[in-house]
Amino acid sequence: MLQVENLVAGYPSGGRVLKGATFDVAKGEVVALLGRNGMGKTTLMRALAGQLATQGGSFRLDGRELGNCPSYVIANEGIGYVPQGREIFKDFTVEENLLMGVLGKPRLPNRLPPDIYDFFPVLGERRRQKAGTMSGGQQQQLAIMRCLVGQPKLLLLDEPSEGIQPSIVDEIGRTLQAIARSTGLTILVVEQNLDFVETLAGRALFMENGVIADRADRIGQLRERPELVHRYLSI
Amino acid sequence: MQATIALLLDTANFTLALLLVTLGLVVIFGLMNVINMAHGEFFLIGAYVVVAVSGATGSFWLGLLLAPVVLALVGLLVEWLIIRHIYHRFIDTILATWGLSLVIKQGVVVLFGPGAQSVPNPLPTAVDVFGVQYPAYRLFIMALAAALALATYYLFFRTKLGLQIRGVIANRAMAASLGINTRRMDRATFAVGSALAGFAGAVMAPIMSVDPQMGVGFLIPSFLSVLVGGVNSLVGALIGSGVIGGATTIFSAGISQADAQILVFLLAMIIIRFLPNGIIGGRK
Numbered sequence: 001m002l003q004v005e006n007l008v009a010g011y012p013s014g015g016r017v018l019k020g021a022t023f024d025v026a027k028g029e030v031v032a033l034l035g036r037n038g039m040g041k042t043t044l045m046r047a048l049a050g051q052l053a054t055q056g057g058s059f060r061l062d063g064r065e066l067g068n069c070p071s072y073v074i075a076n077e078g079i080g081y082v083p084q085g086r087e088i089f090k091d092f093t094v095e096e097n098l099l100m101g102v103l104g105k106p107r108l109p110n111r112l113p114p115d116i117y118d119f120f121p122v123l124g125e126r127r128r129q130k131a132g133t134m135s136g137g138q139q140q141q142l143a144i145m146r147c148l149v150g151q152p153k154l155l156l157l158d159e160p161s162e163g164i165q166p167s168i169v170d171e172i173g174r175t176l177q178a179i180a181r182s183t184g185l186t187i188l189v190v191e192q193n194l195d196f197v198e199t200l201a202g203r204a205l206f207m208e209n210g211v212i213a214d215r216a217d218r219i220g221q222l223r224e225r226p227e228l229v230h231r232y233l234s235i
Numbered sequence: 001m002q003a004t005i006a007l008l009l010d011t012a013n014f015t016l017a018l019l020l021v022t023l024g025l026v027v028i029f030g031l032m033n034v035i036n037m038a039h040g041e042f043f044l045i046g047a048y049v050v051v052a053v054s055g056a057t058g059s060f061w062l063g064l065l066l067a068p069v070v071l072a073l074v075g076l077l078v079e080w081l082i083i084r085h086i087y088h089r090f091i092d093t094i095l096a097t098w099g100l101s102l103v104i105k106q107g108v109v110v111l112f113g114p115g116a117q118s119v120p121n122p123l124p125t126a127v128d129v130f131g132v133q134y135p136a137y138r139l140f141i142m143a144l145a146a147a148l149a150l151a152t153y154y155l156f157f158r159t160k161l162g163l164q165i166r167g168v169i170a171n172r173a174m175a176a177s178l179g180i181n182t183r184r185m186d187r188a189t190f191a192v193g194s195a196l197a198g199f200a201g202a203v204m205a206p207i208m209s210v211d212p213q214m215g216v217g218f219l220i221p222s223f224l225s226v227l228v229g230g231v232n233s234l235v236g237a238l239i240g241s242g243v244i245g246g247a248t249t250i251f252s253a254g255i256s257q258a259d260a261q262i263l264v265f266l267l268a269m270i271i272i273r274f275l276p277n278g279i280i281g282g283r284k
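Protein sequence lines, in the order shown, are assigned to chains A and B. Using UniProt numbering, the first residue of the first sequence is number 1, and each one after it goes up by one. Using UniProt numbering, the first residue of the second sequence is number 1, and each one after it goes up by one.
Read the hints as simulated data drawn from the structure, not as lab findings. Don't take each hint at face value.
Stated by the list, open to error - DEER-style ranges, computed between Cβ atoms:
1) B:98 / A:178: 54 to 62 Å
2) A:22 / B:33: 34 to 42 Å
3) B:99 / A:53: 52 to 60 Å
4) A:128 / B:153: 48 to 56 Å
5) B:98 / A:53: 30 to 38 Å
Stated by the list, open to error - No more than 30 Å apart at the CA atoms, straight line, and that leaves these computed lysine-lysine pairs for DSBU-like:
6) A:105 / A:90
7) A:19 / A:130
8) A:90 / A:27
9) A:105 / A:153
10) A:130 / A:90
11) A:153 / B:105
12) A:130 / A:105
13) B:105 / A:130
14) A:105 / A:27
15) A:153 / A:130
16) B:105 / A:105
17) A:90 / B:160
What the hints assert, rightly or not - Sample of chain B residues at the chain A side, in silico, Cβ under 10 Å:
18) 170
19) 177
20) 183
21) 184
The structure displayed is predicted, hence computed values, not measured ones. The beta-carbon is built from N, C-alpha and C at its ideal position, and this holds for glycine as well.
Please build the complete structure, drawing on both the sequences and the hints.
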């Protein structure tokens with residue numbers, strides 16, 4: 001579904017962070033992208049979302065080349081992006097934030113589906129509340145639903161557990177897994193929390209110095225081959 | 001008592017006309033971070049559309065209806081020809097739109113001559129307001145400006161298009177990643193802001209001297225209104241227009257125009273000195 005070939009991206013000044021990443025993600029897979037800070041994970045996610053211009057290589061979704069397309073085109077082609085730090089609209093209500101997820105999609109109706117609050121009920125309880133007043137975990141749930149309501153084919157999740165209390169991290173992990181299983185949603189997730197990765201992902205890619213350096217084709221290998229975790233994640 | 005009522009009516013009249021120009025500036029600055037120095041000339045074109053149309057057809061009202069349409073098209077053209085190429089370069093947009101304002105002003109001189117034109121008052125009657133005989137047309141301006149300000153507020157805060165525009169203002173990159181075509185929002189907003197300025201120029205034409213310098217006379221107070229009220233806020237535009245429009249009218253009633261201008265500038269400087277982010281400050 002997603003094919004990334006020798007993708008190069010980095011600072012607008014030309015400095016490279018991503019130095020030729022190559023990997024595929026098949027439809028319905030949940031793939032974790034692991035690596036230490038500064039290895040290029042977030043740069044890769046931003047490039048795939050169209051927020052950073054690519055400097056070389058290409059990426060395709062269902063065969064369509066999307067490198068250097070504007071991000072609104074990429075979003076409408078089916079790549080949904082939940083960025084690090086969530087980036088919800090703090091002054092908007094929960095409901096307005098969710099609406100933003102459909103208003104930019106001409107092929108979707110201009111209103112929220114009735115079952116929108118089934119996945120994270122707390123969002124329904126707070127739908128008229130300003131999003132900026134909610135806890136970090138609730139804001140993360142909102143950012144995920146704002147993306148999913150736009151019916152992406154591929155979900156890019158950047159550090160969804162960062163700064164969130166463990167009970168909500170578990171809830172988010174289980175809910176995403178249920179959604180992925182029932183809808184066939186494909187997910188590429190950057191994450192430091194290995195428990196979360198083991199709950200959600202089917203396999204893992206390891207990033208080092210801007211390239212995909214290694215992989216674990218079953219998520220169980222994170223435990224069976226501790227040298228992988230040690231090599232790519234320990235500080 | 002009657003003098004007070006007349007003064008209050010004049011204040012409301014100027015404030016509401018100023019508000020139309022200021023709203024256009026605020027929505028363009030808020031969304032695109034472009035300071036449009038040619039905004040006063042959009043006001044000017046609006047007035048001259050009325051001069052041309054009422055001269056050709058004899059109908060003021062047709063000119064009033066056409067002015068915002070013409071200015072929306074001018075806005076689209078200016079956005080496409082100039083703004084879209086430079087709107088990442090803040091200082092350059094000031095320079096480019098200032099250059100554009102000179103071109104428009106001289107273009108008007110070439111087409112209509114440097115002298116003042118007059119537009120006959122389309123409603124030459126007076127209405128009794130609490131014992132004051134007040135020109136009917138000025139009341140019409142007030143009602144129309146208030147209605148348009150409300151419509152603008154409604155568009156931005158009660159419609160789905162307004163939600164998208166506010167989303168782009170709050171976080172352009174994220175709005176785009178949700179699929180919103182931010183370029184289209186820019187274009188629409190620039191056209192709406194330009195149309196508001198053109199409409200203000202058209203509606204004010206019968207009570208002003210229509211000449212190539214009239215744009216500056218509205219651009220400066222409306223910039224002051226934006227600064228005093230608070231950048232990036234429609235409510236700030238309302239408060240700023242009230243303060244600047246009110247002070248200008250009230251001071252002008254007692255002293256000469258020039259002295260009144262000095263006092264208004266002083267007032268604006270004092271307010272900005274103590275409230276650098278404007279009266280409503282960080283609130284949006």
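Here is what the structure says about each hint:
Taking the beta carbon of each, residue 98 of chain B and residue 178 of chain A are about 58 Å apart, inside 54 to 62 Å as hinted. At about 38 Å, the CB distance of residue 22 of chain A to residue 33 of chain B agrees with the hint of 34 to 42 Å. Between residue 99 of chain B and residue 53 of chain A, the C-beta spacing of about 30 Å breaks the proposed range 52 to 60 Å. At about 20 Å, the beta-carbon gap between residue 128 of chain A and residue 153 of chain B misses the expected band of 48 to 56 Å.
Range check, residue 98 of chain B to residue 53 of chain A: Cβ separation about 31 Å, and the 30 to 38 Å hint holds. Taking the CA atoms of residue 105 of chain A and residue 90 of chain A, the gap is near 22 Å; set against the 30 Å cutoff, the hint holds. With a CA separation close to 40 Å, the supplied pair residue 19 of chain A and residue 130 of chain A exceeds the 30 Å bound. Taking the CA atoms of residue 90 of chain A and residue 27 of chain A, the gap is near 33 Å; set against the 30 Å cutoff, the hint is violated.
With a C-alpha separation of about 13 Å, the suggested pairing of residue 105 of chain A with residue 153 of chain A holds against the 30 Å cut-off. Under the criterion of a C-alpha separation no larger than 30 Å, the hint pairing residue 130 of chain A with residue 90 of chain A is consistent with the structure, at around 7 Å. Taken as a hint, the residue 153 of chain A and residue 105 of chain B pair is broken in the structure, with Cα atoms around 53 Å apart against an allowance of 30 Å. At most 30 Å may separate the alpha-carbon atoms for a hinted pair to count; residue 130 of chain A and residue 105 of chain A meet this at roughly 23 Å.
Of the pairs offered as hints, the one joining residue 105 of chain B and residue 130 of chain A is violated, with about 46 Å between alpha carbons and a cut-off of 30 Å exceeded. Under the criterion of a C-alpha separation no larger than 30 Å, the hint pairing residue 105 of chain A with residue 27 of chain A is consistent with the structure, at around 22 Å. Pair hint residue 153 of chain A plus residue 130 of chain A holds up; C-alpha atoms about 29 Å apart against a cutoff of 30 Å. For a cut-off of 30 Å, the pair hint linking residue 105 of chain B to residue 105 of chain A is broken: about 42 Å separates their Cα positions.
Restraint check for residue 90 of chain A and residue 160 of chain B: the C-alpha separation of about 17 Å stays at or below 30 Å, so the hint holds. The interface hint given for residue 170 of chain B holds, since its Cβ lies 5 Å from the closest Cβ of chain A, which is under the 10 Å cut-off. Hint status for residue 177 of chain B relative to chain A: holds, with the closest Cβ pair at about 5 Å, below 10 Å. For the restraint placing residue 183 of chain B at the interface with chain A, the shortest Cβ-Cβ distance is roughly 8 Å, inside the 10 Å limit, so the hint holds.
Evaluation of the residue 184 of chain B hint against chain A yields a held restraint, the C-beta minimum of about 9 Å falling below 10 Å.
The structure fails hints 3, 4, 7, 8, 11, 13, 16 (numbered hints given earlier, in ascending order).
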